[in-house]
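Novice: One-letter residues, chain by chain:
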Amino acid sequence: MRQLQQALRQDIERQSTETCRKTGFRSECLLRRGLSDEKNVNFVILSDVTMNEMKRLFFLLCCALFGAGCELIEYHPYEVRLEHGNHDLNAAAIARIESACRDRDTVRFVMMGDAQRFYDETRDFVRHINRPDQDSIDFVILGGDLSDFGLTREFEWIHDIMKGLKVPYVALIGNHDLLGNGLQVFRAMYGDINFSFVAGDTKFLCLNTNALEFDYSEPVPDFVFIENEIGDTVVRDYRRTVAVMHAQPYGEQFNNNVAKVFQAYLKKSRNLSFCLHAHAHGLMVNDFFDDGITYYGCSCMKDRSYLLFTLTEDSYRYEVVYY
Amino acid sequence: MKSFIISLLPALLLTWSADGAPSGSPTAERDTLPVAGRHGPDTEHPFLIRRVTLPALQMYPGQESLLQVAPTGYLREVPPLKRTPDRYVRRVKRYRDFWEAIIPEYTKLHFAGGMGLLSFGFGWDYGRKKQWETDLYIGFVPRFSSDRASATFTLKQNYIPWKIPLGGSWSFEPLETGLYFSRVVADGNFWVREPKKYGGPYYRFATSFRANVFLGQRITLGLSRKHFNKSLTFFYELSTCDLYVVSAFTNKYLNVTDILSLAFGLKFQIL
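Protein chains in written order, with our numbering: chain F, 1 to 323; chain D, 1 to 271.
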């Protein structure tokens, strides 16, 4: 019996030594326990204590990862599962803008362009706007293309940066935001893709013009929405209108079949002053329809520039700012 | 009765040779003589008798052997037909062998990791130390704030270079790595090849296909014969997808934790 035990012990020892050689495994904890004798260590490696320690370590690691990594849990890059609080951001921003600008003659706002995958530039933009000498700015309009691939995380990354702004911002939908489940993400996160708000004495008509991304199930541009805005179904006090869109008329995204109709509708709104757009990744000033309505196109964030508009009682002016 | 059979026999020619008279009990080999009626339309052999039935015919109780009635010249033995399995049998065998060869060796349950909330998969392990694994999954993503849930189909390749026995029936795999391609079937703006409406390359990527890479670790518990599964493996993985990598590489703002995704899973080894 004793012989058998001896043989068994030797066999285990031989096996464990081999394992150790193969894996290069050395148990520090065992060495610390005073089992510094090489032979002993090799033998003890297979003991229950070490085994349980390794097992426990693995499961502890998993628990720690799970506990610390709930944010890392992602079911799909295009899942429409938003962080708590990232809902209806435009509505909240509009409420802030409207209350802050009420009964004001002069309103200053920033029109910024495509932020798609330009996180560093966008972060610098936020720092720039937050500077103490910029305190006259009332709000920021993000002209669409928050994301590059329509991924949910992209929307949240941009919002994480933009929520650092001292002033409220509203976001329009861009063509890149319509990829994958982007439309669903935008609707859940920011709200309607056509919306309007009044700042001071100016109404901002924000329109989805990314027609190429839709079929006829979704009217782009939405003339019913524009009609309702012209008809002022919701009574609001304002003197002029500024139309804001992502894709400009006669661009490849726009429904150019109705470009002139679109313009005719817009001109029916109360004192249309000018129009704003993004999308082109370059600074643009155009009178597309030769009718005195200017379309100002801001560049993308990569160019580190934005348009700063000042609306006064009877006119407006704008600056191109590079930061 | 006897006269009835006698009258029948000349008509139904017995093909039993006089020299090859039955010798004792029939063997299994000899029993493979052609079955009666097999050569139906053949005039030379209109009727065949199995060798095994001969003794019965010869030992008709209380009578002389029936076979004596037939003239000896009429009886000759036909060589047994060569009974190779016919094409149908071979075809079925091939079909069965094929499916048997690709029978999945394990099933997996995968939680998160950019391929669905839960994915159910099966797969095959191969290689000298079974260090390679190829899995196929079907998963689902709940609708959350959108209108519809979506389905995912994933092809995953794993490489598990080392296995450390922990004693008992436990073992530890300190590294698991590989890549997987996940296809999502959803209601949104998804494509594999860009639709024609863009008139050429426009976005230059496929919204419905994601390529992921991952690193992970596993721990395995061997199970006794009482269980259906041979062993149970628990694993966790950290992964990222192609578009996240592109985003992180072009920006300092994003760090590693922004683009990582954590997954957990179970592997049930059947074969």
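Check each hint, because a few of them may be wrong.
[To be verified] Which residues of chain D face chain F? A few of them, derived with a C-beta cut under 7 Å, are: (1) I138; (2) V141; (3) S146; (4) A149; (5) F153; (6) F181; (7) V185; (8) V192; (9) L221; (10) V245; (11) N251; (12) S261.
Keep in mind that the hints were calculated from the coordinates and are not lab data. Cβ coordinates follow ideal geometry from the N, Cα and C atoms, glycine included.
Novice: Against each hint, give a clear statement of whether it holds in the structure.
Specialist: Here's how the hints hold up against the structure:
The closest approach between the C-beta of D/I138 and any C-beta of chain F is roughly 13 Å, which is over the 7 Å cut-off, so the hint fails. Checking D/V141 against chain F: minimum C-beta separation of about 5 Å stays under 7 Å; hint holds. With a least beta-carbon distance of about 4 Å to chain F, the hint placing D/S146 at the interface is held under the 7 Å criterion. Checking D/A149 against chain F: minimum C-beta separation of about 10 Å lies over 7 Å; hint violated.
Because the smallest distance between the Cβ of D/F153 and any Cβ of chain F comes to about 12 Å, over 7 Å, the interface hint for this residue is violated. The closest approach between the C-beta of D/F181 and any C-beta of chain F is roughly 13 Å, which is over the 7 Å cut-off, so the hint fails. For D/V185, the suggested interface contact is broken, since its CB lies about 11 Å from the closest CB of chain F, more than 7 Å. The beta carbon of D/V192 comes no nearer than 13 Å to any beta carbon in chain F, farther than 7 Å, and the hint placing it at the interface is violated.
Here the hint on D/L221 is broken, as its CB sits about 9 Å from the closest CB of chain F, past 7 Å. Using the Cβ-Cβ criterion of 7 Å, the hint placing D/V245 at the interface with chain F is not satisfied: the shortest such distance is roughly 12 Å. A least Cβ separation of about 4 Å between D/N251 and chain F falls short of the 7 Å threshold, and the interface hint therefore holds. Restraint check, D/S261 versus chain F: the minimum CB separation of about 4 Å is within 7 Å; hint holds.
Of the numbered hints given earlier, the model fails hints 1, 4, 5, 6, 7, 8, 9 and 10; all others are met.
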